[in-house]
Amino acid sequence: MKILDVTYKRKVDCSSNVCMWNHWDHDHINYTHEGIYNESQIFYEDDRVVLFFHKLSVPLIPFLKVGTLDMTALKDKNTVVTYGFQFGIPSLSTAKYTDIGKDKCLVEVNYKFKFTGLKIILYPLIKYLIPKWNERTWQEDLPLKLRRHKVKKMNFKDFVGLPKKKKDRRFNGKTDFKLPISRLKKADNKLTKHPFYNFGKKKKIS
Amino acid sequence: MKKFKKKICTISHLEKNNYIKKWVNEWKDEVIIFRHNGKIYAKSSICPHFGGPIVYNTEKKYLECYWHGLQFSAENGKCSNQKTFLACLDSYNFELKNKNIYIIKNENS
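Quick note, the sequences are listed as chains P and S, same order.
Residue numbering for the first sequence is 1 to 206, as defined by my numbering.
Residue numbering for the second sequence is 1 to 109, as defined by my numbering.
Next comes chain P alone, as it looks inside the complex (with noise of 0.2 Å):
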């Protein structure tokens, strides 16, 4: 059995709940990642937990694509935590956000992967691809979090817009973050059209 282990930090002018945002905005996956991810639907989530099955393209060997089922879960208030078995091997990346000034946060990225058997030969080709992967993601989700922290310091509002009146559209306020963040409909869009969507959910456990 072999483990890889690799952390990436990095630094970006947001604030950790525009990042956590950012993370459980999974319509933005069919779009903006629309590169990696060839295919992407929502099996079940509710308030803390998603089960996703995605298509992914492997960065620099785009013809090779594999399919994923991956559980993304909310650890705590600024930690995420996804569990895949991409290539069979099973996975545990961890998200971290840390605020560590005004509008500033610290992202930590830890992916673990378990090699059992004969696929312990895979290992040089997973640690050759992961910061590959985090580099490219990071690029792509950079653009989002930056522009998302300027238009809540507008005052922006979700499925609103801007304040009409200039004079508004200023805030100086924490930016909130609040699951589930609210959705596009279910019939035009593309994560949730899986027919097995949230099957047998229930409002409440009693």
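Keep in mind the hints are simulated off the structure, nothing from the lab.
One or more of the hints may lead you astray.
As the list claims (entries may be wrong) - With a straight-line cut-off of 25 Å between C-alpha atoms, the simulated BS3-like cross-links for lysine-lysine are:
hint: 1; chain 1: S; residue 1: K22; chain 2: P; residue 2: K167
hint: 2; chain 1: P; residue 1: K165; chain 2: S; residue 2: K28
hint: 3; chain 1: P; residue 1: K9; chain 2: P; residue 2: K166
What the hints assert, rightly or not - Sample of chain S residues with no beta-carbon within 10 Å of chain P, all distances over it, derived:
hint: 4; residue: G38
hint: 5; residue: I46
hint: 6; residue: L70
By construction, the Cβ of each residue, glycine as well, lies at the ideal position given by its N, Cα and C atoms.
Following the hints, position chain S against chain P.
Then chain S, alone, in the frame of chain P:
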């Protein structure tokens, strides 16, 4: 009422590009200028859904958001692919002067 006037681009600049976008700090908005069916339009390019960037799709002739694929009418700014999404893209008045495109807004609006 006093009016703000801000140059966004020249007509030749617009002709060379599908659309021109510019942050206008004076009004705290991002503006997109584009030509649609031969007519020039000026609108806010901040998507009212989550604040994403709006661009003009010249082939399909609609405005769209990069983040979540919402589509908006180039003419009236209404969302066309999410029937229940009611917020529209704000329109701007504009003026053509000496081959420049200026947007105009009332100071208090």
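How the hints compare with the structure:
1. Taken as a hint, the K22/S and K167/P pair is honoured in the structure, with Cα atoms around 20 Å apart against an allowance of 25 Å.
2. With a C-alpha separation of about 10 Å, the suggested pair K165/P and K28/S falls inside the 25 Å cut-off, and the hint holds.
3. For a cut-off of 25 Å, the pair hint linking K9/P to K166/P is broken: about 37 Å separates their Cα positions.
4. No Cβ of chain P approaches the Cβ of G38/S within 10 Å, the least distance being about 28 Å, so the stated non-interface status holds.
5. A beta-carbon of chain P is positioned within 10 Å of the beta-carbon of I46/S; the least distance is around 6 Å.
6. With a cut of 10 Å on Cβ distances, L70/S falls inside the contact zone with chain P, its closest approach being about 8 Å.
Checked against the numbered hints given earlier, the structure breaks hints 3, 5, 6 and satisfies all the rest.
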